[in-house]
Amino acid sequence: MILRISAALSLALLATPAMAQTSSPQASPEQSVAQAPITPDTTEPAQSNEGGLSIVVSDDNDWQDLGVAIPAFATDRNVPTPANSDGTAALGLELARVITADLKNNGLFRPVGPDVLPRPEYGQITSPAWSVWTGRSVDMLVHGYVRAAADDELTVGCYLYDVALEDQLAKGGWVVKPSDWRRAAHKCADMVYSRLSGEDPFFDSKIAYIAETGPKGKRVKRLAIMDSDGANHRFITNGQSTALTPRYSPDYQKIVYLSYMNGNPRIYIYDVGTGKQHLVTESKNATFAPRWSPDGKYILYSMASGGNTDIYRVSVSGGPSVRLTDNPAIDVGGSYSPDGSKIVFESDRSGKQQIYVMNADGTNQRRISFFGGASATPEWSPRGDLIAFTHIAGNLRIAVMNPSGGGMRYLTNSWQDEAPTWSPNGRIIQFFRTQPNSGETSLWQVDLTGRNERRLPTPVGASDPAWGPVLP
Amino acid sequence: MKYVVTCMTVASAIALAGCSKKAPESLPPAPTETTPAPAPTPTPTGPVPGSQQHFHQAMMGQDVIYFDTDKYDIDGEDMAALRKQAQYLMQYPNISATVEGHCDERGTRDYNLALGERRANAAKNYLVSLGVPASRLSTISYGKERPVAMGSNPEAWAKNRRAVTIVVN
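These protein sequence lines map, in sequence, to chains X and C. Position one of the first sequence corresponds to residue 331 (our numbering), numbered consecutively onward. Position one of the second sequence corresponds to residue 5 (our numbering), numbered consecutively onward.
One should not assume that every hint holds.
A short list of chain C residues far from chain X (calculated; beta carbon distances all over 10 Å) [what the hints assert, rightly or not]:
id: 1; residue: 50
id: 2; residue: 51
id: 3; residue: 63
id: 4; residue: 77
id: 5; residue: 87
id: 6; residue: 100
id: 7; residue: 112
id: 8; residue: 121
id: 9; residue: 125
id: 10; residue: 139
id: 11; residue: 145
id: 12; residue: 155
id: 13; residue: 156
Straight line, CA to CA, 25 Å or less: simulated BS3-like cross-link-like pairs of lysine-lysine [claimed, not checked]:
id: 14; chain 1: X; residue 1: 627; chain 2: X; residue 2: 606
id: 15; chain 1: X; residue 1: 546; chain 2: C; residue 2: 163
id: 16; chain 1: C; residue 1: 88; chain 2: X; residue 2: 682
id: 17; chain 1: C; residue 1: 163; chain 2: C; residue 2: 88
id: 18; chain 1: X; residue 1: 507; chain 2: X; residue 2: 536
id: 19; chain 1: C; residue 1: 75; chain 2: X; residue 2: 546
id: 20; chain 1: X; residue 1: 548; chain 2: C; residue 2: 163
id: 21; chain 1: C; residue 1: 163; chain 2: X; residue 2: 682
id: 22; chain 1: X; residue 1: 672; chain 2: X; residue 2: 627
Simulated from the structure, these hints should not be mistaken for lab results. A virtual CB, placed ideally from N, CA and C, is assigned to each residue, including glycine.
Isolated chain X (complex conformation) (with noise of 0.2 Å):
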């Protein structure tokens, strides 16, 4: 691993010397404070395993009154750092304007940035004044320093405190290369959403997806990445041959993905690392649809033969397929259970698209989806709760309904969207958005109550979104 992203241990090591002239109140650092913290456990259950009907996360609009400020990080000298031209302390209020913008996009907090905030010295980070904030009407407050090391890594310290309460609730902190900066404000960001919310964290994360260029009946597809902010955006390949339906492998080393690459439509899997790729199997027939499985040891696709459509499974390192279905219908896609254990997929045995769960050797499978219309591209949730689909019924929607096919409810109403992929706590669904003649898209997200639905920011047209795993 290149990166020495490690939360909470490194921070008794690195904070406290350097800290030694502020009274740090750092008697045990993991848990900071006995009394419990306001924080909502009532919006947990709400998303329980069975009858999720509407009752939903009914809690989130207290959330939005839930003020956060987030001044700029403090530095303990401002110095140069290949992070940012300006130095430290500017890298300090970049930390916070990302922190900020993560808490902001998501619906759940009223966060306040640094840029109409006072700017907190270094020897407060530890020790907020705290009249400073009671007087703003926050309830929460973040603050941090980011200091430079003479080998350029860079340490962020983060540390969230309740105002009324004047007390530390958690503290994070992390060193990183220069490079690698945002991803501190994210683990930051990561730590106080956790802490708030009772939720595992997910801004710490990439996004794999096809970007999209050209009129409608010429698109260009390339296969690009970003982090899950938008930023670090890299286009992967140059668009020559039609690239789809991409999904990050869980260690963010490879990229599987469809491409017409030499004409035919076949999986290939892309190193990230060396750039180079390879095809997934030998077969001469169309292969599509990849999926990784949750250890990253297997690849699940789709082939046709002779014009059927089945779901096979091939390990990374290569060797012969095993059929997973048998079916003279399109059987296709497919999403493993968190566990590994079983396999959600679609197929139109029926009549029409619906979607089936089997064990992941093939065997016992049976629908799930007794909904009107077809319903497509089930994505099991990373917390194994949920299933995501599209439901067609004339438009398509974005819809979940838990693993035994009840609850469904829809989360969009548009003329076409489609494709959900999972945010990493499986709290967060994104899918793609398509405009009606123009075939224009876009990459769209939507919290689990439906209500916080909002774009996300791409250079140009995009679909086809794989959200991969926390980074470690």
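Since the structure of chain X is already known, use the hints to place chain C on it.
Just chain C now, with coordinates in the frame of chain X:
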């Protein structure tokens, strides 16, 4: 009808030949344009018989067959078109063809790739049943990736649900 088509193609072939002669000498010779050398035969050269261009013109629209939503069955109209395609392919036994399967935009991507495979294979299988050797026919699905009608309405979708036969040499 057939006569008209030939005349048009002759005209375009002449135009093409004229162009290539005027090309600047610095350009490398186009690798494929080797035929227009001074032929002693007075017969004018249209598209080469057995070429995709020739096939496309000869089919007069019947190189494409159309499908209902989510369907891939071959109806009477499709059979007539495929018979015409098969006659051509049997007339030129040295050529091969690819059948492209396409779908309209109102479906999910992966499923449409599979549906396009079904459509292409349905057309291919019918051609084989008429005597075209399967070894000369291949299929490819483009799913919803290559529409020919750009609108988002039933008429456009009907035009996009298709299987197109392309001659490849």
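Results for each hint:
no.	hint	in the structure
1	50	holds (28 Å)
2	51	holds (23 Å)
3	63	holds (21 Å)
4	77	holds (12 Å)
5	87	holds (20 Å)
6	100	holds (13 Å)
7	112	violated (4 Å)
8	121	violated (4 Å)
9	125	violated (3 Å)
10	139	holds (13 Å)
11	145	violated (6 Å)
12	155	violated (6 Å)
13	156	violated (4 Å)
14	627(X) / 606(X)	holds (19 Å)
15	546(X) / 163(C)	holds (15 Å)
16	88(C) / 682(X)	violated (33 Å)
17	163(C) / 88(C)	holds (20 Å)
18	507(X) / 536(X)	holds (18 Å)
19	75(C) / 546(X)	holds (24 Å)
20	548(X) / 163(C)	holds (16 Å)
21	163(C) / 682(X)	holds (22 Å)
22	672(X) / 627(X)	holds (15 Å)
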